[in-house]
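A.B. asks: Here the structure of chain A is known, so what remains is to put chain B in place on it, guided by the hints.
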Amino acid sequence: MKKIAMAFIALAIIAGSAFAEPVTIEFWHAMGGKNGEITAKICENFNASQSDYKVTPVFKGSYPDTMNAGIAAFRAGSPPAILQVYEVGTATMMAAKGAIKPVYKLMAENKEKFDPKAYIPTITGYYSTAKGEMLSMPFNSSTAVYYYSKDAFRKAGLDPEKPPKTWPETFEVAKKLKAAGYEYGFTTNWISWIQLENFSAWHNAPLGTKANGFNGLDTKLVFNSPLQLKHFTNIYNLSKEKVFVYGGRENKANSLFTSGQVPMHFESIGGYGAMKATCKFDFGVAQLPYYPEVKGAPQNSIIGGASLWVMGRKSPAEYKVVAKFFSFLSLPETQAFWHQQTGYLPITKAAYELTKSQGYYKDNPGPEVAIQQLLNKPPTENTLGLRFGFMPQIRTIVDEQWESILDDKVSVKEGLDNMVRLGNEKLREFERANK
Amino acid sequence: MTKQYEFSSKGLSYLLVMPQMVIVFIFFFWPAAQAIWQSLFIQDPFGLSMIFVGLENYGKLFGDPAYLDSLVRSFLFAGFVAFTALTIALFLAVQTNKKIKGTTFYKTMLTWPYAVATFVAGILWLFMFNPTVGIVAYFLKHNFGVEWNHLLKANQAFLLVTLAASWKQISYNFVFFLAGLQNVPVTLVEAASIDGAGPSRRFWSIVFPLLSPTSFYLLVMNLVYAFFETFPIIHQVTWGGPGQATSILVYKVYKDGVINLDLGSSAAQSVVLMVLVIGLTVLQFRFIERKVTY
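Line by line, the protein sequences give chains A and B.
With the first letter of the first sequence counted as 1, position 32 gets the number 503 in the working numbering; the numbers rise by one all the way through.
With the first letter of the second sequence counted as 1, position 127 gets the number 454 in the working numbering; the numbers rise by one all the way through.
The following block holds chain B by itself, in its conformation from the complex:
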């Protein structure tokens, strides 16, 4: 299906890729290597004394019940965010793909949230749900009798950050799903319809499998997003609290490194996080990609 273009000279291809590789090296590989290096030491913030401790920082992490809690919590969080963002986006994409009035309007409106920076999204949700002055909190109290206070109630805080994180990602998923849907040959769907398949059957047996490359890609991207790019939301809205209810791994890395200046532990945590997400992505490619029909 895809044509392969061959470059006449290998040198040219390396040259063209090099600027990007330089950036990847400087901003990704080098800091990652430094993190691995720093995770093997206990040091004071100024770097005046560095004590080599081998894997002790890692040992301390896995012996710390709070860290293990954070690990489980981050997986739950990533799972919920990915699931919420993907299902809602898929539903919206399917609805917008129909031939109804105003599809352009819907498509534009649904894509806009992606342009909102993550920390701005966090602030928006913070204001809406502020226990004292937020309109949603007010609405919940006076219309449903629900006492909203995410500063105190751990479950509410977790729900809030999940919603805020999913909201942004829905737009991103929506755009890709829409494009994927439009690549589904209409003839197939019509043929199924003639054969008597209802809308649900048509969707799950024909459209969904054909969407699988898009879905797989989005699954990987959503999980990576939930592990890393949700940091601004946690930082703005709940600061890891109440207690440690929303303290996910990436937030802990920041807290220990930047606020507490415990560089060894923070470096070890970021290495663990990196290995975790790489491992997760590898697993996905190994097991789920088999089911993807290209």
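This is chain A alone, in the form it adopts within the complex:
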């Protein structure tokens, strides 16, 4: 009798644990600080909403560190199910055919409802094939805008509710701000992403052939055209006149704006939350300026940020969790929460509408400016984004040549030509390694 009782108890425990234990997957990401807390909260919400599946978020450091950790884990045979990779790593992830599982296949196989049309096209287009098949799930997407100090505008006798719309106007305003007593008129982050990539897209100018690399590995860079030459020459001249100041690579120039020293600053909308927290003055957000003589400008801007990739060689049970999690992520409520807490953009139109109906944009018009910039016009083949191999290195090449231009080591034309030449060398190497 005792033996049978023991057997029953053992069976019950086994059966119980088999039912109670949720399938767990790991989600490796690079979201630190506040953004990391919100990421963890979203995973918590998902886990709490049901008991069959569990997502464990793991912070792995910077974008390059996280990507490397994922790659190393894959090579060691145990990658996480979800890996966050920054947008410039897209070409590398896409070329790794055996290492990743495309999102559209994952959702179809797991019978999750998935309508690509519900997503904002400029966001999902970046991470999709030419046929519109989504390969990775957009997570934190941003775009470039400029921030300006309304207090500074008032001081210079300018209307704080009418930020400049064109580049000639912007340069004039910058000069007026300098005349009003500021040491410099404007600065910028991310020279490549904002003043080259987004600049070109906003003017419907191509960065490279084959739809900026979407249509083939044999793409060639072409951005050393008269338009970009004019723009870089303008900024170089203003740098000599001390109207423009260079603040360093990536987002190092932020302190120039937040300290109140430089009243206009080009930066990502993803920095909106940080700006709100650190700026002690009244500031506004405006769309990127354009050159009015360029036909078709303004077109639409392109995104930055990162997306979630599903790694290959995992079990079907784990893929089910990923699919469920992605559906949860796409819910308007989740997206609205993420958008409002971090400043990153919502990826679905429904989330945008929900946020609007909640009146969020009345107190925070900045993020809506960014969304409208993305939706300004339907994207052309020049403005879906870009897909160049070794893009992190190409951005570094742009940074280096730009610094050489400012330091008078090369002329503006030489610098731009160097960027294209050296960048093309990288593209050919990537093509060779991934054929």
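If you are wondering where the hints come from, they were derived from the structure by calculation, not from laboratory data.
Mixed in with the good hints there might be a few duds.
Claimed, not checked - Derived, one-sided and incomplete: chain A residues facing chain B with beta-carbon distance under 7 Å:
no., residue
1, N539
2, A570
3, Y717
As the list claims (entries may be wrong) - Here are the simulated DSBU-like cross-link-like pairs (lysine-lysine), alpha carbons at most 30 Å apart as the crow flies:
no., chain 1, residue 1, chain 2, residue 2
4, B, K387, A, K646
5, B, K387, A, K884
6, B, K480, A, K711
7, A, K646, B, K480
8, B, K480, A, K723
9, B, K468, A, K626
10, A, K701, A, K568
11, A, K713, B, K468
12, B, K468, A, K751
13, A, K833, A, K626
14, A, K568, B, K387
15, A, K884, B, K480
16, B, K468, A, K906
17, A, K713, B, K480
18, A, K647, B, K387
19, A, K880, B, K480
20, A, K747, A, K713
Unchecked claim - Non-contacting residues of chain A with respect to chain B, defined by C-beta distances greater than 10 Å in every case (computed):
no., residue
21, R546
22, D622
23, A627
24, E640
Positions of the beta carbon are idealized from the N, C-alpha and C atoms, including for glycine.
C.D. replies: Okay, now just chain B, sitting in the frame of chain A:
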């Protein structure tokens, strides 16, 4: 001068050395071998396709003017850092060795910077020299009219990283120089003084030669430090810029390997760097050690 202790059984000595050798093997030899192996291939980051290309990665490196620039630059950088760190440390050690008040205080204060982690040192210098908010940059502008902007001016960036790298190493050198100085028999120096030798003569003819074992050791260590361990400073302060003004070899290895995921080229660069520094050390032992008086 040194007594040789002999172990009765060879087995025991091997056993005692083995843990260290295991660590050296796993963390030094094995990765080095892997680097040599990987440098012979072009591969995608995930390792899904590996194309054997022999020495092509190396050929590309030496055909790349930017790489050759970086090579020259790294030597210049190492030279400047070693020279600065050694001379300043020696000067400070000699001064602290004198019988003056507060030597313990000086010795403690001068040794402290070594405890600062290299990347923290980088951040400290970054803040002090920040073109907009750094106190040194401010001071230079308002008192000397010098426009400090290491983000734009290549020479200033190079100067800044040299200073930051030397600063840390001065403490390390100081400790060794001080110990070396205290091993110089006072009688010799006093005898020279009685014979009429001035302080400068006493130093260069007696003290300095007797310091040579220490100096030689420090020279080797400083050069190795400047080639490898200055990576955090470059990474924090200038990221190899402006342009490529502070892009030294070890930083390029990181950029190409970790950021750009160009594993073949990065592996080739690290092999070249390894061979370079080994070669440099061998040269030093061959030529300079002869002049060292033990």
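A.B. asks: State for each hint whether it applies.
C.D. replies: Tested hints:
1. For N539 (chain A), the interface hint holds, the least distance from its beta-carbon to any beta-carbon of chain B being 6 Å, beneath 7 Å.
2. For A570 (chain A), the shortest C-beta to C-beta distance to chain B is roughly 4 Å, which falls under 7 Å, so the interface hint holds.
3. Below 7 Å, beta-carbon pairs count as interface contacts, and Y717 (chain A) has one with chain B at about 6 Å; its hint therefore holds.
4. Between the alpha carbons of K387 (chain B) and K646 (chain A) the distance comes to roughly 46 Å, so the proposed pair goes past 30 Å and is violated.
5. Among the hinted pairs, K387 (chain B) with K884 (chain A) is consistent with the structure: their alpha-carbon atoms are about 26 Å apart, no more than 30 Å.
6. For the hint linking K480 (chain B) to K711 (chain A), the alpha-carbon distance of about 13 Å falls within 30 Å, and the restraint holds.
7. Restraint check for K646 (chain A) and K480 (chain B): satisfied, since their Cα atoms lie roughly 24 Å apart, inside the 30 Å limit.
8. Distance restraint check for K480 (chain B) and K723 (chain A): the Cα-Cα separation of roughly 16 Å lies within the 30 Å cut-off, and the hinted pair is therefore satisfied.
9. For the hint pairing K468 (chain B) with K626 (chain A), the CA-to-CA distance comes to about 26 Å; that is within 30 Å, so the pair holds.
10. For the proposed pair K701 (chain A) and K568 (chain A), the alpha carbon gap of about 40 Å is over 30 Å, so the pair is violated.
11. Distance check on the hinted pair: K713 (chain A) and K468 (chain B) sit about 15 Å apart at the alpha-carbon level, within 30 Å; holds.
12. Between the alpha carbons of K468 (chain B) and K751 (chain A) the distance comes to roughly 26 Å, so the proposed pair stays at or under 30 Å and holds.
13. The suggested pairing of K833 (chain A) with K626 (chain A) holds, with an alpha-carbon distance near 25 Å, which does not exceed 30 Å.
14. Our distance criterion of 30 Å between C-alpha atoms is met by K568 (chain A) and K387 (chain B), whose separation comes to about 27 Å.
15. Distance restraint check for K884 (chain A) and K480 (chain B): the Cα-Cα separation of roughly 20 Å lies within the 30 Å cut-off, and the hinted pair is therefore satisfied.
16. At most 30 Å may separate the alpha-carbon atoms for a hinted pair to count; K468 (chain B) and K906 (chain A) exceed this at roughly 54 Å.
17. Annotation: proposed proximity of K713 (chain A) to K480 (chain B) holds, straight-line Cα distance about 15 Å (limit 30 Å).
18. Between K647 (chain A) and K387 (chain B) the CA atoms are separated by roughly 50 Å; this puts the pair beyond 30 Å, and the hint is violated.
19. For the hint pairing K880 (chain A) with K480 (chain B), the CA-to-CA distance comes to about 10 Å; that is within 30 Å, so the pair holds.
20. Between the alpha carbons of K747 (chain A) and K713 (chain A) the distance comes to roughly 27 Å, so the proposed pair stays at or under 30 Å and holds.
21. Listed as outside the interface, R546 (chain A) is inconsistent with that label: its C-beta sits roughly 5 Å from the nearest C-beta of chain B, within the 10 Å cut-off.
22. D622 (chain A), annotated as away from the interface, keeps every beta carbon of chain B farther than 10 Å; the closest lies near 19 Å.
23. At roughly 20 Å from the closest C-beta of chain B, the C-beta of A627 (chain A) stays outside 10 Å, upholding its exclusion from the interface.
24. Every beta carbon of chain B lies more than 10 Å from that of E640 (chain A), the smallest distance being close to 26 Å; the non-interface claim holds.
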